[in-house]
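Chains Z and R, in that order, give the protein sequences. Under the numbering used here, the first residue of the first sequence carries the number 1356, and numbering increases by one thereafter. Under the numbering used here, the first residue of the second sequence carries the number 1356, and numbering increases by one thereafter.
Just so you know, the hints here were simulated from the structure itself, not pulled from any lab data. Each hint should be verified, as a subset may be incorrect.
To spell it out: a stretch of chain R is covered by chain Z in this simulated footprint if at least three of its residues, at any positions, have a beta carbon under 8 Å from a beta carbon of chain Z; those stretches are [to be verified]:
| id | region |
| --- | --- |
| 1 | 1732-1745 |
| 2 | 1751-1761 |
Just the calculated beta-carbon pair ranges, DEER-fashion [stated by the list, open to error]:
| id | chain 1 | residue 1 | chain 2 | residue 2 | range |
| --- | --- | --- | --- | --- | --- |
| 3 | Z | Ala-1400 | R | Ala-1479 | 45 to 53 Å |
| 4 | R | Asp-1575 | Z | Gly-1695 | 13 to 21 Å |
| 5 | R | Ser-1441 | Z | Ala-1832 | 46 to 54 Å |
| 6 | R | Ala-1597 | Z | Asn-1420 | 27 to 35 Å |
| 7 | Z | Gly-1440 | R | Asp-1592 | 17 to 25 Å |
| 8 | Z | Ala-1818 | R | Arg-1419 | 38 to 46 Å |
Glycine included, C-beta positions come from ideal geometry on N, C-alpha and C.
There are 2 protein chains.
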Amino acid sequence: MPEPWVNSAERVGADLHVHLPEGKGGRQAALTHALREAIREGRLAPGTRLPPYRSLAADLSVARNTVASAYAELVAEGWLTARQGSGTRVAARAAPPRPVPVPHGTTTPPRPAHDLRQGMPDAASFPRTAWLAAARRALTAAPNEAFGPGDPQGRIELRTALAEYLSRARGVRTTPDRIVVCSGFAHALRLLYGGAGGPSRGVLRGPLAVESYGLPFHRDLLHGAGVRTVPLGIDEDGADTAELAGVRGLKGVLLTPAHQFPTGGPLHSARRAQAVDWARAHDGLVLEDDYDGEFRYDREPVGAVQGLDPERVVYLGSLSKSLSPAIRLGWMVLPAHLVGSVLAVKGQREAWASALDQLTLADFLASGHYDRHVRRTRQRYRDRRDQLLAALAAHAPHIRATGIAAGLHAVLRLPSGTEPDALRAAAHQGLALDGLTAFRHPEATGPAPDGLVVGYAASADHAYGAAVRALCRALPAEG
Amino acid sequence: MPEPWVNSAERVGADLHVHLPEGKGGRQAALTHALREAIREGRLAPGTRLPPYRSLAADLSVARNTVASAYAELVAEGWLTARQGSGTRVAARAAPPRPVPVPHGTTTPPRPAHDLRQGMPDAASFPRTAWLAAARRALTAAPNEAFGPGDPQGRIELRTALAEYLSRARGVRTTPDRIVVCSGFAHALRLLYGGAGGPSRGVLRGPLAVESYGLPFHRDLLHGAGVRTVPLGIDEDGADTAELAGVRGLKGVLLTPAHQFPTGGPLHSARRAQAVDWARAHDGLVLEDDYDGEFRYDREPVGAVQGLDPERVVYLGSLSKSLSPAIRLGWMVLPAHLVGSVLAVKGQREAWASALDQLTLADFLASGHYDRHVRRTRQRYRDRRDQLLAALAAHAPHIRATGIAAGLHAVLRLPSGTEPDALRAAAHQGLALDGLTAFRHPEATGPAPDGLVVGYAASADHAYGAAVRALCRALPAEG
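Could you build the full structure based on these sequences and the hints that come with them?
Have a look at this one:
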């Protein structure tokens, strides 16, 4: 009675449909792959005895050694078993498990028809050519060690370029050795206050005063790290820094001085001074979130609070609004005494920020391309803002946009109680945007106005007009 | 009596040393900057009254309006105060704080004279030209949305290229929708188990079985997240997976099947099967750390355990050994049921992995440049390994290198008790490398051999010979 493999020798060869390339290594890899696939797909069932080397080799016109190596490979991987006297068989456990589909709803939702979400720059304006040219210069000039494990403080080329730029453009007072590169604002917050889960190993301890309106994501991150946040009221002069002195045990305050997010006012110079004075008197820190400080349309941007006292202010910035959130780079400008402890938390090797992006950004800054890009997008966003205000004046003159002419978003104040309906009407139009109430601190006590936060940068140029028209249709009629 | 500013008007102008460029905006920015620096550096003392607009404007030959805007800017920033009737003065709190130097010892130590540390590829072999060409193709072809907020699962271009590559080269069985991109192995571990100071809250619960030798950094990370690790003994067949069944409540095991790190053996096929069987029987998971699976010098690489059961194995890989740790990209191939929870932990937007690097890597993989690079460095590291073994044979024939011909490191077994002296002798020669004992789990119970872990990839070609000679000098003489 013939062994089962005698029948299967030709079948195996035929089933493999294997096109063996030239060269021994390539042939063996192709044969291994073909056998593995045949087992996976069940064409070679568990327990099947494989033909001896010489039969399959003859059938496929390859060396016996090639087949022997392929079998050995698959034995090592666990697909085949080889036992003295019993030949080589498909392993029992190699039965292909039932393919389990990935559950639906786990992937990102599709883009909305109209996009006026805050927090996003115009992706279409990314300066591809200039960025690639900077990458070419930077990667060509980089020393070899740039491709090894990274300095967790960040590439010195980038920190040097940032120190120059931030001093010139934002009035930040720093040297490269006070800068720590990270992957964005949220990463910086995690380095300072610890991450969610487990013992908070950040550098600072809570509680932390925050503005009564801000990104829920940032509050959630802090709360997840066990940090209590205390909301400060906001009036026409910005966050009420006078409230700081009344909070027991407070050691830090997180502010958006250039352009309060999202309500849109600047922090008054007296308040800026008051925050720094409070930090000096209470051994505290001001965290300055300068998320869109470069974008002011009516005047030169107001410089950073950090310049008032570099030992009491942590300055935080990133590329997310000014260039692209696709490049995961941010920076902290730290008081001298915090540099060591932040680096200790960050670890011995850079685990987050791409050295290639860092080197490219360093060149992009130093060569003036960053300034050029900011100037160009500043004009673009100013036009978008003007277009929004003109549309409101024409179609909804009763709706007021508040805040200064700055940034990538505007807040439209709505009649009391109309925000939920406006959001429903927007969704009905396929228009994505946020209501003002979503940004309110749950423990805030001041007035809770209705409003819409309109991001005028997220859409591409060609889609922006339609998005603004959809917005006007979603606004409440004059009451 | 003249006002103090009457004297200071010319002095302010002269002190500013300001070269005002053409164009109103540029002039105003330059004047603002110059005034700010003068205040910072103490040249304009707190309380000093500034000259009226017209005086300074005349002195500097600029429009009054330019001076007025510069003053307003500095008032907003808090450097100046403007009060009705009292003019514009340098703010009291603008006194420059004493510059505090960043403490020493907070920056990365310099590179050693000779570098045989494990875990680092040869930075000099980074394929700059091919990478830049891939970046150019990828960024030119990318849709605009690639420059907006990122999909936390990773770019579909990269996941598609990875699914093809990992299937072909590593026997991984996956589709793009089971892959989640991250910034490296440690990030993956944080996403799975949470991490102190890290980005996540983890989806799995401990305890976790680990090999009794491994990277202390990984154990520390797990312990920091509150995960207890249980060491498995290691023998000539690799980690002793038979021990898994004896640990109560165990739900996971972390293995380096292709090439045990650092001891250097492969996991026997029976053990591979046993680990998967254990996971099936105990509703557990095998975490497969495939850190250097592409680098095998004596045969085709053994495929991934993941191929045996994609629903019970999490496959983990990164670029750190195969291309460069400077590009912060890694990947997890997940069982279908884990994709949703890992993405939930990762958040709504990609906060870590650079989209530009992701797009470039996708092209680099799909165009065959990654295979080409691996082939080229495989040959290079094989030569380095041969050179090391030849040097040992010539100069220290009593010292044996253990483990398979694979990876980026070898383990030299030393006579019992000689490891500390060998490390001291190495340090004395300016040679950086690790002792084997540093990798031992603190609760391991098996034999604790003395040894040196020699990374033969970290040095550049021209420096490698000298590093090996330094190593030979540091080895104990035949006893």
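(request) Could you check the structure against the hints above and give me the numbers of any it violates, in ascending order? (result) 1 and 2
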